[in-house]
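For this one, chain L is given, so just place chain E on it according to the hints.
There are 2 protein chains.
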Amino acid sequence: MKIRCSQSNLLKGITTVSKAVSNKTSMAILECILVDASGDEIKLTANNMELGIETIVEGEILERGIIAFDTKIFSEIVRKLPDNDILITVESDMKTRIECEKSCFNIIGKSGEDFPYLPMIERNNKITISQFSLREIIRQTIFAINENDSNKMMGCELFRIHENELSVVSLDGHRVAIRKINLNNSYPDKDLIVPGRTLQEIIKIINGGQEDNVNIYYTNNHILFEFDKTTVVSRLVEGEFFKISTMLSADYKTKVTINKRELLSGIDRSTVFVEGGDKKPIKMNIVNNILEISMASYSGSMKEEINITKEGEDLMIGFNSKFFIDALRVIDDEEVSLYMVNPKAPCFIKDKDESYIYLILPINFNSAS
Amino acid sequence: MKIRCSQSNLLKGITTVSKAVSNKTSMAILECILVDASGDEIKLTANNMELGIETIVEGEILERGIIAFDTKIFSEIVRKLPDNDILITVESDMKTRIECEKSCFNIIGKSGEDFPYLPMIERNNKITISQFSLREIIRQTIFAINENDSNKMMGCELFRIHENELSVVSLDGHRVAIRKINLNNSYPDKDLIVPGRTLQEIIKIINGGQEDNVNIYYTNNHILFEFDKTTVVSRLVEGEFFKISTMLSADYKTKVTINKRELLSGIDRSTVFVEGGDKKPIKMNIVNNILEISMASYSGSMKEEINITKEGEDLMIGFNSKFFIDALRVIDDEEVSLYMVNPKAPCFIKDKDESYIYLILPINFNSAS
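Chains L and E supply the protein sequences, listed in that same order.
According to the numbering used here, the first sequence is numbered sequentially starting from 557.
According to the numbering used here, the second sequence is numbered sequentially starting from 557.
Here chain L stands alone, though its shape is the one from the complex (with noise of 0.2 angstroms):
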């Protein structure tokens, strides 16, 4: 194999590739990125067998062929050479020269024989939304799944597709998190349970905006993104998630509209007195128009007011704060409007739409005079 290829673009390719990379495996070929010059294009590849991403990098094939390189080692020398073209030369047994400049590496490949293909998945169900979307419906509710839990669908997040809505839910037993996007056509309803983890790596590779797309393939076993010249397929988890519908309620007794930076800057502060793993709540104590925010630890307290318009009955409520900061930091409205009924019962954050609902469960409050 012989190929040539700009440094950046190398490099923007093994940057993409490199998050499916596993980094603790038994199987040393998982630890590779793949180049594969075989065909009319050069194409990397890393597969965990969980997650596969493929990408096309811009290049001249001047030889054919196909070798892995240790993703470690290929990716620090490409990273440190000069923005020039590269130039990659596997000889016998794998040898492999690169050339860049006047600088010159030698190291060994491994066979691309060994290498785990991506699973051809069948392209008859898509949905296509922006890669801006995309990225910020997965960024609003990643934060509440929750990876360590021993039932493992709390690791991951539901895809519920129904109509011409995209509904992407992830709870961690303390929380629900629902963010809702309209698709441009309507489809057969359909659930797909992605792992949080193929999800976390998705968000740092695809960058692009309003404008540009991702197209989204599914099956029973398997989702696959397409955007640019890059595909990412992941396996999709077995089983049923959640019963969602029955944990959301459109009931309240009180509903605060409040102005989210001073609710987020107040609810922040009371966490100087929060020590490491400490879950001690905040108070809210929601009387006519004021919340008044509080706190005590035996390092000290704190105290904030905080103008409120409210309708239905007074509260006195506690919460974890770090659920009501994770929820509010990726709310991007200046006023937010939480519903209540009582002090054992979710609160909910949530706009008229419902495009986003936020849901978090009170902690007894008595613990937090």
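None of these hints come from the bench; they were simulated from the model.
It cannot be assumed that every hint is accurate.
Copies of one chain are not kept apart here, so a pair can be met inside one copy or by any two copies together.
Said to hold, decoys possible - Simulated pairs of lysine-lysine, DSS-like, Cα-Cα distance not exceeding 25 angstroms:
hint, residue 1, residue 2
1, Lys859, Lys651
2, Lys599, Lys760
3, Lys760, Lys708
4, Lys628, Lys835
5, Lys836, Lys651
6, Lys568, Lys580
7, Lys835, Lys736
8, Lys900, Lys878
9, Lys575, Lys628
10, Lys906, Lys666
11, Lys651, Lys878
12, Lys866, Lys835
Quick caveat, the model's predicted, so the values are computed rather than measured.
Same frame as chain L, but now just chain E:
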């Protein structure tokens, strides 16, 4: 005590003095910042018994007093408050209220009486240099100290005042870094051995430019840096520093003049094959007007040629790449000159005036084959 000052001023003061707060101590008072408003100014102090910092915060004293606060809690509170006036009120039993806009924090302070004041330093001997120069000469030498060596001198820098010159010297047994600057006057000879930790903290808080001065006072036991409204006092290390003059030599058999950026990039590329603590040397082969850098390890090899101007003999010599990179990174010249004698004698990187001298010991290059 009752004081009022702006959040930004107070935060700046806390950030400055917190560099001298002890983080591993059995004396809780050393984890505190002293707020002293017993005089006409609000003074913050931290002191870990080796290094002490004192700074004046602009503000209003409504009621005189003095108190110490746990640094972590105090700085977190102030950092999270909005940039507006902060009112600090100490009531009976050290109970303290910190108020800003609609936020109110309550914490318990500690008696200022237990706090170790900074030592009184006689201000007889003084040199003055720009804050920029002080920061630069420290930054350009501090990487060559070794704080973990059993010889504690290696964890220090020598400040040598000789006539109208200040030299700063550090060394770790494998290399020596020397920077010199001119002073405005001539002074009696003096050697000061300053702990590395003091200097590492100083460069974080001394932000002024060429026009901003720092006064450096010294006695036999202490060094004091005075700039803006801040005073830093450090204890000096007793004893005698290494004899530098015996290590330096003007003799050479090979002089190489080379583009600094090219040399740095080339050596940096060789580190691809340096794993963790591995000290595999790079080999430099100087033949006619070419310097060839090469490196070989079990995972691969690299080679690179750089054009040079050479005086004297050809030479093959091996180095630890990190030592070269550290030195080259802090040299601002476009071209650098290397002076060498043989593969076992130190290499000197220095300019004509010897405003900088970096001595690097070679490594047996046979192990670099």
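Quick rundown of the hints versus the structure:
{"no.": "1", "hint": "Lys859 - Lys651", "in the structure": "between (67 angstroms within a copy, 15 angstroms between copies)"}
{"no.": "2", "hint": "Lys599 - Lys760", "in the structure": "within (20 angstroms within a copy, 47 angstroms between copies)"}
{"no.": "3", "hint": "Lys760 - Lys708", "in the structure": "within (23 angstroms within a copy, 45 angstroms between copies)"}
{"no.": "4", "hint": "Lys628 - Lys835", "in the structure": "between (39 angstroms within a copy, 19 angstroms between copies)"}
{"no.": "5", "hint": "Lys836 - Lys651", "in the structure": "between (59 angstroms within a copy, 22 angstroms between copies)"}
{"no.": "6", "hint": "Lys568 - Lys580", "in the structure": "within (23 angstroms within a copy, 44 angstroms between copies)"}
{"no.": "7", "hint": "Lys835 - Lys736", "in the structure": "neither (30 angstroms within a copy, 54 angstroms between copies)"}
{"no.": "8", "hint": "Lys900 - Lys878", "in the structure": "within (18 angstroms within a copy, 59 angstroms between copies)"}
{"no.": "9", "hint": "Lys575 - Lys628", "in the structure": "within (12 angstroms within a copy, 37 angstroms between copies)"}
{"no.": "10", "hint": "Lys906 - Lys666", "in the structure": "neither (52 angstroms within a copy, 45 angstroms between copies)"}
{"no.": "11", "hint": "Lys651 - Lys878", "in the structure": "neither (52 angstroms within a copy, 28 angstroms between copies)"}
{"no.": "12", "hint": "Lys866 - Lys835", "in the structure": "neither (28 angstroms within a copy, 67 angstroms between copies)"}
Of the numbered hints listed earlier, those contradicted by the structure are 7, 10, 11, 12.
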